[in-house]
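Listed in order, the protein sequences are those of chains A and B. For the first sequence, the working numbering assigns the number 1 to the initial residue and increments by one for each residue that follows. For the second sequence, the working numbering assigns the number 1 to the initial residue and increments by one for each residue that follows.
To be clear, the hints were calculated from the coordinates, so they are not data collected in a lab. Take the hints with a grain of salt, since some may be wrong.
[Stated by the list, open to error] Here are a few chain B residues that sit away from chain A, every Cβ distance over 10 Å (derived from the structure): (1) T62; (2) G240; (3) G542.
[To be verified] PhoX-like cross-link-like pairs, simulated, lysine-lysine; straight-line CA separation at most 25 Å: (4) B:K12 x B:K496; (5) A:K92 x A:K22; (6) A:K17 x B:K285; (7) B:K189 x B:K548; (8) A:K89 x A:K22; (9) B:K189 x A:K22; (10) B:K548 x B:K285; (11) B:K155 x B:K284; (12) B:K239 x A:K119; (13) B:K189 x A:K17; (14) A:K91 x A:K22; (15) B:K284 x B:K189; (16) B:K12 x B:K500; (17) A:K17 x B:K496; (18) A:K92 x A:K17.
[Unchecked claim] Below, a sample of chain A positions facing chain B; criterion: calculated Cβ distance under 8 Å: (19) N16; (20) L23; (21) F35; (22) G38; (23) P54; (24) F103.
Even for Gly, the Cβ is constructed at its ideal location relative to N, Cα and C.
What follows is each chain in one-letter form.
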Amino acid sequence: MAAKAGTKKIKEITENKMEPAKLGILLFIAAEMMFFAGLISAFLVFRFSPAPWPPEGQPRLPIAVTAVNTALLILSAFTFYKALELLRKGKKGMYLLLLVTTFLLGIQFLIIQGNEWMKMVQFGLSIHANPYGGFFYGLVGLHGIHVFGGVLALLWVLVRSLMGAYNAQKNLGVDICRTYWFFVVGLWPILFGLIYL
Amino acid sequence: MSQGHHQGFWTKYIFSTDHKMVARQFLLLALGMAVFGGFYAFLIRWQMAFPNQPAPFFGPVTPDKYNVIITMHGTIMLFFVGMPLLNAFPSNFLVPLMIGARDMAFPRLNMASFWMTVVAAILLMSSFFVPGGPAAAGWTGYAPLSASSEYTGVKIGAVLWLLSLAFVFISSSLGGINYLVTVVTMRAKGMSYSRIPLTVWFLLAAAFTFFLAAGPVLAGAFMLLMDNVFGTGFFLPFKGGEPLLWQHLFWFFGHPEVYVLFFPTLGFCLDIIAVFARKPIFGKKLIIGSTIAAIALSFVVWAHHMFVTGMNPTLVTPFAITTILISVPFAIIYVCMFMSLKGGSIRLEPPMIWVLGFLATFLVGGLTGIFLGAAGADIYLHATYFVIAHFHYTFFPSVFFGGYAAINYWYPKMFGRMLNKTAAILHFVLTFIFFNCTFWPLFIVGMGGMVRRIADPSFYPQFAIFSHLNVFATISAMCLISSQTIFLWNFFYSMKNGKKAELNPYESNTLEWLAQSPPPHGNWGPKLPVVTGDPYEYSQPGEASDWKSQSSYKGDAIHG
Ligand SMILES: [Cu+2]
Chain A
1 MAAKAGTKKI KEITENKMEP AKLGILLFIA AEMMFFAGLI SAFLVFRFSP
51 APWPPEGQPR LPIAVTAVNT ALLILSAFTF YKALELLRKG KKGMYLLLLV
101 TTFLLGIQFL IIQGNEWMKM VQFGLSIHAN PYGGFFYGLV GLHGIHVFGG
151 VLALLWVLVR SLMGAYNAQK NLGVDICRTY WFFVVGLWPI LFGLIYL
Chain B
1 MSQGHHQGFW TKYIFSTDHK MVARQFLLLA LGMAVFGGFY AFLIRWQMAF
51 PNQPAPFFGP VTPDKYNVII TMHGTIMLFF VGMPLLNAFP SNFLVPLMIG
101 ARDMAFPRLN MASFWMTVVA AILLMSSFFV PGGPAAAGWT GYAPLSASSE
151 YTGVKIGAVL WLLSLAFVFI SSSLGGINYL VTVVTMRAKG MSYSRIPLTV
201 WFLLAAAFTF FLAAGPVLAG AFMLLMDNVF GTGFFLPFKG GEPLLWQHLF
251 WFFGHPEVYV LFFPTLGFCL DIIAVFARKP IFGKKLIIGS TIAAIALSFV
301 VWAHHMFVTG MNPTLVTPFA ITTILISVPF AIIYVCMFMS LKGGSIRLEP
351 PMIWVLGFLA TFLVGGLTGI FLGAAGADIY LHATYFVIAH FHYTFFPSVF
401 FGGYAAINYW YPKMFGRMLN KTAAILHFVL TFIFFNCTFW PLFIVGMGGM
451 VRRIADPSFY PQFAIFSHLN VFATISAMCL ISSQTIFLWN FFYSMKNGKK
501 AELNPYESNT LEWLAQSPPP HGNWGPKLPV VTGDPYEYSQ PGEASDWKSQ
551 SSYKGDAIHG
């Protein structure tokens, strides 16, 4: 296709100084931030209204387990950060090791969150009694979906890495996945602080 | 580069990634949906003029149907006519051509954003066939009406409405990201930011504004969806919810959205004025600066839609002030447009006539907005037909006068043929007359105190004095809608039978006129154009001709 040839195969002379995909993911994250800003401001309206929060008779949220889980998620951002740095230095073995670690940390975050979520359902945190339960399931669930999306992207990058698609010079896919992962990880401590603490 | 490859029917017309085909798809979607939106407009007007008499092609407009009709009219006209016509269609068609690129930065994402809009349209229209019927809480979906089925009797329809909006918002945000990335990364050599035509600037301004504003309303839509599906009660007072919160989230988006449907038209108007007045644009930098100021302000004016909701009165004054302030940048842009026209050698071709019509009608919409931004006047006028008249004097000129100006101007490039000029002028004259005859009386009706959002005016004997004005407005509206058939005929007839268009029929400077009509897949020949000039170098002293193209690119090497 001419368009493909124009943008990929032949390097044409343009005013371009930036990688399109990199800019694209940054704008996408900006849009996502506005989405979560809307949810968080809605949450704050309830959190700081005169009515008691949490409302009477609602179960306590599991702070300790979730705090550990938060720490592990933040750790995964560091492992991913380090992984790409190592790849850029050409250390492919260490890169793969850290990438797998990041992937596993992501999965274990999801498992613990899902487990806690099931417990809350059993303890009788109702989604339809009042907005308290609604915010817990809504915000934690939406973030979970984003982590799940990030884990899928990580899996894709992992498979492509094993196929030898990336090296010290060519690693845009890893970079983009990492940028998105930073967003997903960076969002969680804010939600944790607001909802749990 | 070989252009002679074969595209099958499916990849060429249906799942196309070519920005020009995606643009045409969006245009056809907008025109198709406008037929529905126009029909609902007719039903609303019918009920206001001839209450409870069976409407032609429909039957009696009962209160439950009336609520559905106003909801669908607003939703369709804004999100399925206005946005495709003013944002998706021109951005797709013009952005790559005007900056000298071969396509969008992400062609497949582009295709996906069109098909997401189609899914959204299907979700919306399918709600007519579900138990309980379509959403009926108005296009603004005010809670608690929209949050629980016990108020309107609608459950599945409300869920479908929310899903449809979510699809259209996500698709438009992704589209916007695509246009922004395309302009930043794919400009031809020499196309510096100062040489980008104003149409592209304003399309970007609209895309940028939209994707910042869409997040919060999507958040609200998510919460409303949870209220409808799980009964969370975010917006239901008896569960401790906050119905006003929905209005805040909605109007935080709603006011910037007005500019999303207005900026593109400003861009078309400025470019068309330069070409048809044969003059450089007056105060281009001032215009861009004013636009940036307007975008920033547009995020802090939203509560002027909520003065009568019982919100905190101390908040009313700051929002009234920001609202008055935001008229300043637009006044500056308007003055720049008039200064650009002043002393020009004006060519009254159809695109220019639409622009002049826009300037005249939109001015009325802009000026009446000041009454509604001032809290004192708004408290009296807010619930009346004055508001209906006001926002139709802004939206209709912006979406339709601006949209028709763009279609008339770029039609030769899109289809390689000219529109019939007599039909185009007749279409303008009738639209201009009947538009004013439809909406001007509504200012009077509204100032007289006739309230909006009522299903049956005959229920209120005090509104009987307005019935002659309402009948006049309704007959004008029917003429206005009928006049659009001239355009539809012209649009489809000229595609096959119009006069063959030259490459650059209006002697315009911008890059798109250097490409073939219609441009081939990939837009340009073996080499991209190199840009050497400003888009607005018209009637420069010492030049032989009164225009100078932005590039010396010759299209001779192209074989389509
Ligand atoms: Cu507004």
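For each hint, the structure was consulted:
| no. | hint | verdict |
| --- | --- | --- |
| 1 | T62 | 32 Å, holds |
| 2 | G240 | 5 Å, violated |
| 3 | G542 | 29 Å, holds |
| 4 | B:K12 x B:K496 | 19 Å, holds |
| 5 | A:K92 x A:K22 | 22 Å, holds |
| 6 | A:K17 x B:K285 | 24 Å, holds |
| 7 | B:K189 x B:K548 | 18 Å, holds |
| 8 | A:K89 x A:K22 | 20 Å, holds |
| 9 | B:K189 x A:K22 | 21 Å, holds |
| 10 | B:K548 x B:K285 | 21 Å, holds |
| 11 | B:K155 x B:K284 | 50 Å, violated |
| 12 | B:K239 x A:K119 | 24 Å, holds |
| 13 | B:K189 x A:K17 | 11 Å, holds |
| 14 | A:K91 x A:K22 | 23 Å, holds |
| 15 | B:K284 x B:K189 | 22 Å, holds |
| 16 | B:K12 x B:K500 | 23 Å, holds |
| 17 | A:K17 x B:K496 | 42 Å, violated |
| 18 | A:K92 x A:K17 | 28 Å, violated |
| 19 | N16 | 5 Å, holds |
| 20 | L23 | 5 Å, holds |
| 21 | F35 | 4 Å, holds |
| 22 | G38 | 3 Å, holds |
| 23 | P54 | 11 Å, violated |
| 24 | F103 | 26 Å, violated |
Violated hints, in rising order: 2, 11, 17, 18, 23 and 24; the structure is consistent with all others.
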